[in-house]
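A.B. asks: Listed below, chain by chain, are the residues.
2 protein chains.
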Amino acid sequence: MDFSELGEFGFIDWIRCSYPSSSPSVIKGIGDDAAVLSFSNDLVLLITTDQLIEGFHFRLGETDGEKLGRKALAVNLSDIAAMGGYPIGYTVSLGIPSKRIPFDFVDSFYRGLTALGEMIGVELLGGDTSESGDRLFISITLLGKALKNKVVYRAGGQEGDLIYVSGWLGEAALGFHLLEKGISKKGKENIFFRYLCPIPRVKEGQLLAEKNLPRAMIDISDGLLADLNHLLEQSGLGAEIELSRLPLSPDFQLWTKEYGFDPLSLALEGGEDYELLFCVAPEKSKEVEKLSQEVSLPFTCIGKLIRGTKGIWIKDAKGVIAPVLPKGYNHFKSR
Amino acid sequence: MDFSELGEFGFIDWIRCSYPSSSPSVIKGIGDDAAVLSFSNDLVLLITTDQLIEGFHFRLGETDGEKLGRKALAVNLSDIAAMGGYPIGYTVSLGIPSKRIPFDFVDSFYRGLTALGEMIGVELLGGDTSESGDRLFISITLLGKALKNKVVYRAGGQEGDLIYVSGWLGEAALGFHLLEKGISKKGKENIFFRYLCPIPRVKEGQLLAEKNLPRAMIDISDGLLADLNHLLEQSGLGAEIELSRLPLSPDFQLWTKEYGFDPLSLALEGGEDYELLFCVAPEKSKEVEKLSQEVSLPFTCIGKLIRGTKGIWIKDAKGVIAPVLPKGYNHFKSR
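Chain order of the listed sequences is P and L. Following this note's numbering, the numbering of the first sequence begins with 1 at its first residue and continues without gaps. Following this note's numbering, the numbering of the second sequence begins with 1 at its first residue and continues without gaps.
Treat the hints with care, since some could be wrong.
Put simply, identical chains are the same to the list, so a pair is met inside one copy or across any two.
What the hints assert, rightly or not - Calculated lysine-lysine pairs in the DSS-like style (CA-CA distance at most 30 Å, straight line):
hint, residue 1, residue 2
1, Lys-145, Lys-318
2, Lys-148, Lys-304
3, Lys-99, Lys-181
4, Lys-145, Lys-203
5, Lys-211, Lys-284
6, Lys-327, Lys-99
7, Lys-203, Lys-257
8, Lys-186, Lys-257
9, Lys-188, Lys-211
The set of hints was computed from the structure by calculation and includes no laboratory data.
Whole structure, please, built from the sequences with the hints as guidance.
C.D. replies: As C-alpha cells, this is what we get:
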C-alpha cells in the first residue's frame, strides 16, 4: 500500500477501520466534522483538528500573519459549525522556522487568531511551539459543546430531503487561482478575502441545529462534490444537483469570465468555501428560508437526496442528468 | 524582538501575557501542564498539546514507527499525569512527506500510538493528515478529566514542602547522547527505551492526586532544573536540592562512566525523563513512601521548597550550597 494509491480520504478510512473506538463515551469518532464525546447527561463535547502547512495550505508571500491566524482558527470553527455546536476554546501547535520568519509575523498571527476567537467567544487555551527548520507548521485543535439531541451529523439525510448550501460557491477557489496567477487584488478584495480569510458559519450552524432543521450537515472544505459525497456515503443515498441553482455571486461570475475560469468547475470542485451544506425535509423549506433572511445569508436549495442510485447526478440547464465524479482536493493524490 | 532573544519560554510567557483568558470557565489557561476548563459542577476538562518535529524532536534513523507513535502519545499523557488527571481521548495531526516515508512506517506509527492508548484506556478521536513535503510533523492534542478539587497545578507549593521525583533521572538524556554517538544498543536497551519510548506516569499521578499528596506537580520534559524552575515561578518560592539524593540507576551510573558523560549534568539538565516532580507537606512523607511501594516505583525526596530566596540552590556532597541556573532544552535558543 502507498499514499498515492490511498489518497487522503482512503488513508482516513484506513485509520477509521483499523482503529475503531471502543469506548461507550465516544458517540462519534473518526469520520465526521468533529468527534462527539458524551460528557454529562445532556451535553456532549466536540473536538476537531485542522492543520495548515506552508507550501501546501498557504504561501507566505500570498497572505499576512493576521489573515493566516484568522484562517487557521476559521477552518476549525467551520467544523464545529457543521455539527451545530458551540466552540469553547482551542490549542495551537506552531512549528516555526525562526531563522526565516520574523517575530512580527508570529505576533500578527496571534493577533488575527485571537481577534477572530474573541469575535466568536472562544478562548486560546494553550499549545506547543518549537523550531521547525524550514516550513511553518500550524495545527489547531478546537473544543466545542452541544446539547446531545441537537448535534447534526453527516449521516441522517433521508430520501427526498432538499440539499441546501449557505452563502456562495467557488469564490475561495477563484481567489486561490487569481493569487497563483499574480493578478492584482484591486477591486476584487472580497474574492481574495474569501480564500485568505474565510468566515466560518458558526451562528448559522447553531441556529439551524437549534431549530432542528438539518437532518445531515457538513462544511465545504474539499469542494462541494467531494463534501457532498462524504455526506452521501454516511447517509447511504445519492444526490441530484441542479447546476442552474448553484449560488454564484455577480462578482464571481464577472471575474471568472474576465480571467477565463470555468465557474462551474470552481463552484463544484474548488474547495475552501467553508460554507455549510445541509439536508432538510421538504416540509421545512419555509423555515429554512425564514432563517436565511434572519441571518442575512442566502441558504440556497441546490438539489435533493435520492434513493436507488449512489453518487452524485448533475442536471444541466437543458434538463439532462449525468453522473459526476466527486473530485476535490485530496492530499497524497495528484489531481 | 526576535525568537533567539525570547527563547521558547519567553515566547510562551509573551503569549500568556498578551492573550490572557477572559472566560470564567477557563480555570487555568496557558502556563501549566494542561489547561483546565470548568465543565460540570464537580468535573473539569483537561487539554494539552505536544508536537514532535522530525530533525528537532526525533530522527527517523534512530527510532521506528511504533516507538515514535508511543512517544508522541506518551509525552501528552505525561502532561495529564502531572495534573493528576484521567486521559480520555486524543486527536493526531500528521504532516507526512509521502514521497520519502513509506506507508508501513505510518502504519506502525498508528500501531504504537493506539497500543499505548489501549493500555491506558484512551481513545483515538480524530485528526488531520496532509502532505508536508520534507519533514514529518506530529501534533497530538489529548483530552482528560479530573475532579475539580483533585487537580494538581504547578502553583501551590509551600515553604518547607519536600520535593519528590518519581523513577530515575537522566536516563533519557543518556539514551539520546548514546544514539547521537552511534553507540550500540546491546545490553543498554533499557536506557535507549527511556529516550525513544518513555513511560508516562499516569497511574502514579492519579493516585498521588486522589490521596491529596502533592500540593504542586509538573512533569520533567525539559530537564529537572528547568521544570523545577517552572514550578517555583508559579509558587513564588525557591528550592534547595541535594545532589547526593538524586535517583540515579546503577545502569545509568555504569554507562555514564563508561562513555565519559557527567551523570549530574544529565540528571539535572537532560530532559525527556517524563517523570513526575511534586511537592509534599513534610507530614505526608510516610504516605508518599507507602504509595511508592504500592506502585513499585521509587518516589525520591531530593530537596525542599524554601522562602526568602528565589531560584534553585544545590547542596553538594560536602554540604556546600550554591545557586544554579535552570538550564534545559529551550527551542529557538542556542544552548
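A.B. asks: Each hint needs a verdict: does it hold in this structure or not?
C.D. replies: Structure-based check of each hint:
1. Lys-145 with Lys-318: neither (45 Å within a copy, 58 Å between copies)
2. Lys-148 with Lys-304: Answer is within; shortest intra-copy Cα gap is 27 Å, inter-copy 48 Å.
3. Lys-99 with Lys-181: both (29 Å within a copy, 27 Å between copies)
4. Lys-145 with Lys-203: both (14 Å within a copy, 28 Å between copies)
5. Lys-211 with Lys-284: Result: close within a single copy only, 10 Å intra versus 55 Å inter.
6. Lys-327 with Lys-99: between (38 Å within a copy, 22 Å between copies)
7. Lys-203 with Lys-257: Neither: 33 Å inside a chain and 63 Å across chains, both beyond 30 Å.
8. Lys-186 with Lys-257: within (17 Å within a copy, 68 Å between copies)
9. Lys-188 with Lys-211: Answer is neither: 36 Å inside a copy and 63 Å across each miss the 30 Å cutoff.
When each numbered hint is compared with the structure, violations occur for hints 1, 7 and 9.
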